[in-house]
Amino acid sequence: MTNIQGSLVAIVTPMHADGSLDLPGLRKLIDWHIEQGTDGIVIVGTTGESPTVSVEEHCELIRVAVEHVNKRVPVIAGSGGNSTAEAIALTRFAREAGADASLQVVPYYNRPTQEGMYQHFKAIAEAVDIPVILYNVPGRSVADLSNDTIVRLAKVPGIVGIKDATGNIARGIDLIRRVPEGFAVYSGDDATAMALMLVGGKGNISVTANVAPKAMHELCVASMKGDIATARAINDKVFNLHTNLFIEPNPVPVKWALAEMGMISHSLRLPLVNLSAQYHDVVKSALREAGVLQ
Numbered sequence: 048m049t050n051i052q053g054s055l056v057a058i059v060t061p062m063h064a065d066g067s068l069d070l071p072g073l074r075k076l077i078d079w080h081i082e083q084g085t086d087g088i089v090i091v092g093t094t095g096e097s098p099t100v101s102v103e104e105h106c107e108l109i110r111v112a113v114e115h116v117n118k119r120v121p122v123i124a125g126s127g128g129n130s131t132a133e134a135i136a137l138t139r140f141a142r143e144a145g146a147d148a149s150l151q152v153v154p155y156y157n158r159p160t161q162e163g164m165y166q167h168f169k170a171i172a173e174a175v176d177i178p179v180i181l182y183n184v185p186g187r188s189v190a191d192l193s194n195d196t197i198v199r200l201a202k203v204p205g206i207v208g209i210k211d212a213t214g215n216i217a218r219g220i221d222l223i224r225r226v227p228e229g230f231a232v233y234s235g236d237d238a239t240a241m242a243l244m245l246v247g248g249k250g251n252i253s254v255t256a257n258v259a260p261k262a263m264h265e266l267c268v269a270s271m272k273g274d275i276a277t278a279r280a281i282n283d284k285v286f287n288l289h290t291n292l293f294i295e296p297n298p299v300p301v302k303w304a305l306a307e308m309g310m311i312s313h314s315l316r317l318p319l320v321n322l323s324a325q326y327h328d329v330v331k332s333a334l335r336e337a338g339v340l341q
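Here the sequence shown is numbered in the working numbering, starting from 48 and rising by one per residue.
Keep in mind that the hints are not guaranteed to be accurate.
[To be verified] List time: in silico DSS-like cross-link candidates among lysine-lysine, alpha-carbon distance up to 30 Å: (1) K331 with K75; (2) K261 with K118; (3) K169 with K202; (4) K75 with K284; (5) K118 with K169; (6) K261 with K284; (7) K75 with K261; (8) K202 with K118.
These are computed hints drawn from the structure, not numbers from a lab.
Assemble the whole structure, with the sequences as input and the hints as a guide.
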């Protein structure tokens, strides 16, 4: 079981113009998130550009996040991979650094079977004594962790939840009905997060929270309380962020938005490039509608 819930930001990785890590910038973002009510920090996930950081940088980002948060909120370390041995090594580092949980993505590119995915996650949970949150994102990984396999994995000691980024509410409802009590189902899709939380989801691992942390915290509180009127009002205000922050591949739009807000510099690592000019006004409009940009 885990008591991690609410708005869990899939935080970006600030970088300098030359592409090097901006660790002071990361510390600044962490402080801002905690001041704004963010309930937890997810470090080095997809939004944190995990595919392009080196192993050494990956570990440094986890270390800095844990150290700077200093137990003010939980830190969930993205430490998955499509190599089980590498995922175990990263997860061991995360545990030793003091992370509160590990986020384990479905292995990408090599397309394991359901049995292969089960054995992969089971091996990680058995090798490292840290709460494991599974992460199913078939739009990126191609391999899709089925509800049957998730229910099976929920019985493995140490596996405490899942980030469901399918955006399929019917599938989410079925999963929440079937997993054991205490196994947390988190949304990984901002546009459908409110609906999933209203039917029992324990929070949202969010991209939108990068630019609207206060609103996303309040949305999670209202949704998990079943306060539909408040949840709908907040969700309506930020809904265009939910959609337009994915107008190009994440984290391109959200890093551009944060730079426009003066929070980070404009910097991504290839093969990602800055947001296309044709989308600048679209993202700015969503930021203004949400009340986070003048």
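| field | Agreement of K261 and K118 with the hint, judged by alpha carbon distance not exceeding 30 Å | value | holds, 20 Å
| query | Is K118 close enough to K169, meaning Cα to Cα at most 30 Å? | reply | Measuring from Cα to Cα gives roughly 27 Å; hence the hint holds.
| request: Mind checking the alpha carbons of K75 and K284 for me, to see if they're no more than 30 Å apart? | output: Judged against 30 Å, a Cα distance of about 26 Å means the pair holds.
| For the pair supplied as a hint, K331 and K75, is the alpha-carbon distance within the 30 Å limit? | holds, 22 Å
| message | Holds or violated: K261 and K284, Cα atoms, limit 30 Å. | response | Holds: K261 and K284 sit about 12 Å apart, inside 30 Å.
| Given the hinted pair K169 and K202, is their alpha-carbon gap at most 30 Å? | Roughly 10 Å between the alpha carbons, so the hint for K169 and K202 holds.
| Hint consistency between K75 and K261 [alpha-carbon to alpha-carbon, up to 30 Å] | Holds, because 16 Å separates the two Cα atoms, which is no more than 30 Å.
| field | Restraint check for K202 with K118, where alpha carbons must lie at most 30 Å apart | value | holds, 28 Å
Of the numbered hints listed earlier, not one is contradicted by the structure.
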